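Enquirer: Sequence:
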Amino acid sequence: MNRRQRRAAGKISKTAGTTSPVSTPDAVVETGLRHFRAGQSLEAQLCCQQVLEAVPDHAGALHLMGLLSLHAKQFDHAIEWITRAVRLSPTPDYLADLGSALRQHGRHDDALQVFVKAVQLDPRHCGALTEAGALLNRLGRHAEALAYLDRSRDLKPDHAPTLQARAWALYHLNRWDDSFTEARQAYERDPGNADTCNNLGLVLWRLGRNEEALPWFDKAIELRPDFAAAFVNKIISLFHLHRFQEVFALHDRMKGLGLKHALTEWNVSLVHLLTGNFEAGWRGHQARLDLPSATYPKIPRPMWLGEQEIEGKTILVASDEGLGDTIQFVRYVPMLARRGARVLLVVQDALHGLLSGMDGVQQCAPMSAVSGLPPFDFHCPISSLPYAFGTRLETIPSATSYLPLPPNARVQAWDTRLGPRTKLRVGLVWSGSAHHMNDHNRSVSLRALSGLLDVEASFVSLQKDPRDHDAAVLRDRGDIIDHTADLHDFTETAALVSCLDLVITVDTSVAHLAAALGRPTWILLPYTPDYRWLLDRTDSPWY
25 MNRRQRRAAG
35 KISKTAGTTS
45 PVSTPDAVVE
55 TGLRHFRAGQ
65 SLEAQLCCQQ
75 VLEAVPDHAG
85 ALHLMGLLSL
95 HAKQFDHAIE
105 WITRAVRLSP
115 TPDYLADLGS
125 ALRQHGRHDD
135 ALQVFVKAVQ
145 LDPRHCGALT
155 EAGALLNRLG
165 RHAEALAYLD
175 RSRDLKPDHA
185 PTLQARAWAL
195 YHLNRWDDSF
205 TEARQAYERD
215 PGNADTCNNL
225 GLVLWRLGRN
235 EEALPWFDKA
245 IELRPDFAAA
255 FVNKIISLFH
265 LHRFQEVFAL
275 HDRMKGLGLK
285 HALTEWNVSL
295 VHLLTGNFEA
305 GWRGHQARLD
315 LPSATYPKIP
325 RPMWLGEQEI
335 EGKTILVASD
345 EGLGDTIQFV
355 RYVPMLARRG
365 ARVLLVVQDA
375 LHGLLSGMDG
385 VQQCAPMSAV
395 SGLPPFDFHC
405 PISSLPYAFG
415 TRLETIPSAT
425 SYLPLPPNAR
435 VQAWDTRLGP
445 RTKLRVGLVW
455 SGSAHHMNDH
465 NRSVSLRALS
475 GLLDVEASFV
485 SLQKDPRDHD
495 AAVLRDRGDI
505 IDHTADLHDF
515 TETAALVSCL
525 DLVITVDTSV
535 AHLAAALGRP
545 TWILLPYTPD
555 YRWLLDRTDS
565 PWY
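Position 121, counted from 1, in the sequence shown is what my numbering calls 145; the numbers after and before it change by one each time, with no gaps.
Calculated from the structure, these hints are not laboratory results. Remember, predicted model here, so these are calculated numbers, not experimental data. Warning: the hint list may mix true and false statements.
To be verified - Derived DEER-like restraints, expressed as beta-carbon distance ranges: (1) L526 x P147: 58 to 66 angstroms; (2) P390 x L417: 27 to 35 angstroms; (3) A423 x K322: 31 to 39 angstroms; (4) M461 x R162: 14 to 22 angstroms; (5) D525 x K322: 42 to 50 angstroms; (6) K322 x L476: 45 to 53 angstroms; (7) P147 x E236: 36 to 44 angstroms.
Said to hold, decoys possible - Below, simulated EDC-like cross-link-like pairs (lysine to aspartate or glutamate); rule was C-alpha separation at most 16 angstroms, straight line: (8) K141 x D117; (9) K243 x D214; (10) K284 x D314; (11) K279 x E289; (12) K243 x D219; (13) K322 x D250; (14) K284 x D250; (15) K322 x D344; (16) K180 x D214; (17) K243 x E212; (18) K447 x E480; (19) K447 x D525; (20) K180 x D146; (21) K447 x D478; (22) K447 x D503; (23) K488 x D513; (24) K488 x D506; (25) K337 x D314; (26) K279 x E236; (27) K337 x D401.
Yeah, the Cβ is synthetic: ideal placement off N, Cα and C, and Gly gets one too.
Kindly produce the complete structure, drawing on both the sequences and the hints.
Expert: In C-alpha cells:
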C-alpha cells in the first residue's frame, strides 16, 4: 500500500449514507453492506465508489461491487469485481460468492473448482459445500455430490437447499426411498419450493406410486404455473396409469399456456402410438429429434418424409435411436429401393456387419466411420421411415423374417458348440440397459426366472454384461449355457439365435433381433409397455 492509500485507509471524510463526519474504509463498506441487505443498491454503490476512489485495492469494496453486479445479473462484471477481491483476500466467503457468480453465468466447471477451494480453506463452510454438491449433481457426478452434501447436512440438518440437493443425488443413485425421505424433509422446511414438490412426484413415480405422485405435480404447478417439467412429469404418471384422455387434456392445457415442450410432444405421441392412432403418433414422434438427448446430426440436405419423388435419387438413412429401433425399422429400406432410390445406410457399429447384407442397401457404413460416403440427395432418420411411408396399423410391413441370414458357417459352429439337440433350446435375456429411464419397469433379475428354469429345456444365456447380482446367480447355475463372452457383435448373436427354438426376453434389442430373424420370441412386458407392442395384445403386428 502506498503513502496515499495508507492515509486514506485511516480516515475518509463524510461518506454517503453515514452520519459521522469521519469513517474508516472498512466502516464505509460495512455501511454499504447494510444498504445492500436493505435493498438500497444505489446507496451501497456510492459507499463502494467512495472507498475505491481512496483505496483502489480495498478487497471489501471490490467484493461488495461484485455482489451488486451479481444482484443486477451482470455476471461478467460480478466475476471481474469478485475475482479482484479474491486476489487480494482469498477468503472462503469471497470464493463462495465468486463460485455463485460463475454458476449463474453458466460456467459450471469453473464454479465447482472455486467452491472446492472454499471448502479446502474452510471445511465447515455450509454454503460452499451445498453449492459444490448441487453443481456435482448438475454435472451428473451424484456420488461425489452426496459426499459434499452429507457434510453440509451434518453442519445444518435443517437447511432446505441441502436436503433438496441430497434428495436429487439419492434419486439419481436409485436410492428412491431415501430420496423421498430427504425430499419430504426439504418440503417441510420450505413448502413453497416448486422444485421440491416436483422432485417428490418424480420419486413416487420411480417407486411405482403414480397416484400419489399426481398431487405433488399439481402442487408444483400451483406454485409455478409455467413449470413445464412438472407438466411433463404429470403426463408421464398419467400415461403409466393409462389415463390417456387426461394426458391429452393436460397437453392441451400446456399449449394454451404457451408451454411448447419437445418431451411433452414426444410423450403424447407415444400415447397415440400405444393406442393405435398411428397418424397422430408418427407425426408427433418427430419431436424426438428436438430432445436434448437427441443424437441425430444436423445434415445440410433435405430430410425426406415421403413427399418428394425419390426414383433415381440417393437417400441417406441413419440410425437415430437404439439398437432395437434400428432392427425394427430397417425393414423399410427395401421399400425405398423398390421406389427406385439408392440407399446409403448408417447404423451402430455393432449392427454394421449384420445389416451390410440388407436387401436394397447400396452401401452400409458404421457410425464410427461415415466420412467416405458418396453424395446424397436426401436423408431420413431410420425411426422416421414409418412416418414417411404413412404407416397405419393395417399397413405395417411385417415379413416373417427380413434380416440377412448370418453366415451358415457361423450358425453351424454355434450348433456344434451347443451340443446334441436333445431338448428344446431356449435363449434368455432378463435385463436391458441400466441407464434406460424405464429400466426399473423393464428389467428383471435372473433369480426371478428361477421357476421357469425348472422345466425340461436347455437354456442359453443371451444376456450381455449381466449385473453383479445376476452374474453371481449365473455362476451358481450350471444348467444355463453361457457363451456371451464370444458374442462380439450382432452377426455372432444372430448366428447363435438361429440355433435356438425359442427366445424369452425382456424388451430389449435381442427381442427385435430374434423376431426379425423369424425365431419364436416371447417378450416380458411391463403393465405400460413400449408403444410398439400396443395394449392388451398377445401378439405383435410388427413381427
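Enquirer: Compare the structure with each hint and give your call.
Expert: Now the hints, each set against the structure:
no.	hint	in the structure
1	L526 x P147: 58 to 66 angstroms	holds (60 angstroms)
2	P390 x L417: 27 to 35 angstroms	holds (33 angstroms)
3	A423 x K322: 31 to 39 angstroms	holds (33 angstroms)
4	M461 x R162: 14 to 22 angstroms	holds (18 angstroms)
5	D525 x K322: 42 to 50 angstroms	holds (46 angstroms)
6	K322 x L476: 45 to 53 angstroms	holds (47 angstroms)
7	P147 x E236: 36 to 44 angstroms	holds (39 angstroms)
8	K141 x D117	holds (11 angstroms)
9	K243 x D214	holds (13 angstroms)
10	K284 x D314	holds (12 angstroms)
11	K279 x E289	holds (10 angstroms)
12	K243 x D219	holds (10 angstroms)
13	K322 x D250	violated (30 angstroms)
14	K284 x D250	holds (11 angstroms)
15	K322 x D344	holds (12 angstroms)
16	K180 x D214	holds (15 angstroms)
17	K243 x E212	holds (14 angstroms)
18	K447 x E480	holds (7 angstroms)
19	K447 x D525	holds (10 angstroms)
20	K180 x D146	holds (15 angstroms)
21	K447 x D478	holds (13 angstroms)
22	K447 x D503	holds (12 angstroms)
23	K488 x D513	holds (11 angstroms)
24	K488 x D506	holds (10 angstroms)
25	K337 x D314	violated (27 angstroms)
26	K279 x E236	violated (25 angstroms)
27	K337 x D401	holds (6 angstroms)
Of the hints listed earlier, those the structure fails to meet are numbers 13, 25, 26, in rising order.
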